[in-house]
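Residue numbers (the working numbering), protein chains in the order written: chain A, 1 to 213; chain B, 1 to 213.
Since the hints were derived computationally from the structure, they do not count as laboratory data.
From a predicted model like this one, the values you see are computed outputs, not experimental measurements.
It cannot be assumed that every hint is accurate.
Just so you know, same-sequence chains aren't split out, so a pair can sit in one copy or run between any two.
Claimed, not checked - Heads up, simulated DMTMM-like pairs for lysine to aspartate or glutamate below, C-alpha to C-alpha not over 25 Å straight-line:
| # | residue 1 | residue 2 |
| --- | --- | --- |
| 1 | K24 | E116 |
| 2 | K52 | E83 |
| 3 | K175 | E204 |
| 4 | K98 | D145 |
| 5 | K199 | D142 |
| 6 | K98 | D75 |
| 7 | K171 | D142 |
| 8 | K24 | E50 |
| 9 | K177 | D65 |
| 10 | K212 | E188 |
| 11 | K205 | E83 |
| 12 | K213 | D179 |
| 13 | K206 | D180 |
| 14 | K175 | E209 |
There are 2 protein chains.
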Amino acid sequence: MKGMDNLVPKKRILEAAVSLFAQKGFAAVGVREIAAEAGVNIAMISYYFEGKVGILKDILEEFFDRYSLVFEGVDDESKAPEECVRDLIHNLINFVRKNTDLTMVSYNELPLEIPEIADLKAKRITATIQKISPLIRRMELDPQDTFLIAVVGPGLISTIFTNFRFRPVLKRVFKFKFDDSYYERYSETIATLFLNGIKGLIAEKKRQERRKK
Amino acid sequence: MKGMDNLVPKKRILEAAVSLFAQKGFAAVGVREIAAEAGVNIAMISYYFEGKVGILKDILEEFFDRYSLVFEGVDDESKAPEECVRDLIHNLINFVRKNTDLTMVSYNELPLEIPEIADLKAKRITATIQKISPLIRRMELDPQDTFLIAVVGPGLISTIFTNFRFRPVLKRVFKFKFDDSYYERYSETIATLFLNGIKGLIAEKKRQERRKK
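Chain A on its own, in the form it takes in the complex:
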């Protein structure tokens, strides 16, 4: 990897692993390959990490550290909640553009066989939901209504992440140029889709509550 010579070995290993996992998938890459790509002796990997799963855990922590910054101050009370959601979506898309490999690795690896990875993800996602709770409340949704949160949150995130994940297929089916103006329009469209969708869910919930009375 170019430009990695000045990094400390641990960081070089992580960057090499992110790049290789993104290209080939976690399962297809061995520690030997990571060491070669990072230009370090393979013993370094055992020195810094508990094997390949240890590297993946560090990658996920790095991802969530950066990802959680996107949700920092998401509820700006000087703005309408809809505007805050629009800004959040815009910032999320920019985040994935800037951290594509890191995001794809964190999103792609299958948590099925590694309980400690699923635990880590669950803990960090729960923290993210707590950060966004005040905004959810201002949108007249109930943060305790885990059902709606569990539909809307992962729905929004997977919609955005999948746009990057299936880029090779999207490029073949639709002939877009993935440039700044594409992302601006994409960001506005996703915001309109989800804001109107959420409004519809709130209206439907109120209708049901009225019917119960």
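Dock chain B against the given chain A, drawing on the hints supplied.
Leaving out everything else, chain B in the frame of chain A:
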């Protein structure tokens, strides 16, 4: 694998591969392991398939064969288009419940490194979009408006598929029981979210067209 003894070897290989790929991911599974799981000699795999990628291609064809049936007759003109979309979402969720492993394998494997797999997916997805075009038209969306189609379609699909894909994480963050009543409510909620979202996109588009005049 139980109950596979009566199947022809080719089908046994495919079923074993689906099950193993779903558990461990495509990259982590070798043909030797597939042959053992299927209870066939490894030579059988070369006889029926062009290696592991050949197996994956057959799995994808099988997935798309079944998946495309969900879109058959999706535009029932005796019903309001909104009702057709609601039925489609309901049927899609049922489809994934019944074909979870097959769907996850088809959805999870990374198309990045295998152009022929991305080609296959692009071809079959394009065919699906054509099937759904009359319904899109009735919803007052323009099937030629590839931008909106490319946002709404993959957004809806990834929202549904991700609900299954991240089951281990979802189970940890939210304490749902994934039973019939969960799926009924889930299906209604996704339909409300996307139908209102699409309505919002159509209204926004009309506003923009009026402004241009």
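Cross-check of the supplied hints:
Within a single copy, K24 and E116 get their C-alpha atoms as close as 22 Å, and across copies as close as 16 Å, so both meet the 25 Å cut-off. In the homo-oligomer, the alpha carbons of K52 and E83 never lie at most 25 Å apart, since the shortest distance is 41 Å inside one protomer and 48 Å across protomers. Taking identical chains as interchangeable, the C-alpha atoms of K175 and E204 lie at most 25 Å apart only when they sit on different chains, with a minimum of 23 Å there against 37 Å within one chain. Taking identical chains as interchangeable, the C-alpha atoms of K98 and D145 are never at most 25 Å apart, the minima being 32 Å within one chain and 28 Å between chains.
Taking the shortest alpha-carbon separations for K199 and D142, both the intra-copy value of 13 Å and the inter-copy value of 24 Å come in at or below 25 Å. For the homomeric pair K98 and D75, the shortest alpha-carbon distance inside one copy (23 Å) is at most 25 Å, but the shortest distance between copies (40 Å) is not. Proximity of K171 and D142 under a CA criterion of 25 Å is satisfied inter-copy only: 20 Å between copies versus 39 Å inside one chain copy. Taking the shortest alpha-carbon separations for K24 and E50, both the intra-copy value of 21 Å and the inter-copy value of 20 Å come in at or below 25 Å.
For a Cα distance limit of 25 Å, the shortest separation of K177 from D65 qualifies neither inside one copy, at 30 Å, nor across copies, at 30 Å. For a Cα distance limit of 25 Å, the shortest separation of K212 from E188 across copies, 18 Å, qualifies, whereas the shortest one inside one copy, 36 Å, does not. Taking identical chains as interchangeable, the C-alpha atoms of K205 and E83 lie at most 25 Å apart whether they share a chain (22 Å) or sit on different chains (19 Å). In this assembly of identical chains, K213 and D179 lie within 25 Å of each other by CA distance neither inside one copy nor across copies; the values are 51 Å within and 27 Å between.
In this assembly of identical chains, K206 and D180 lie within 25 Å of each other by CA distance solely across copies; the values are 24 Å between and 39 Å within a copy. In this assembly of identical chains, the alpha carbons of K175 and E209 lie at most 25 Å apart only when taken from different copies (23 Å versus 45 Å within one copy).
The structure is inconsistent with the numbered hints 2, 4, 9, 12, although it conforms to all the rest.
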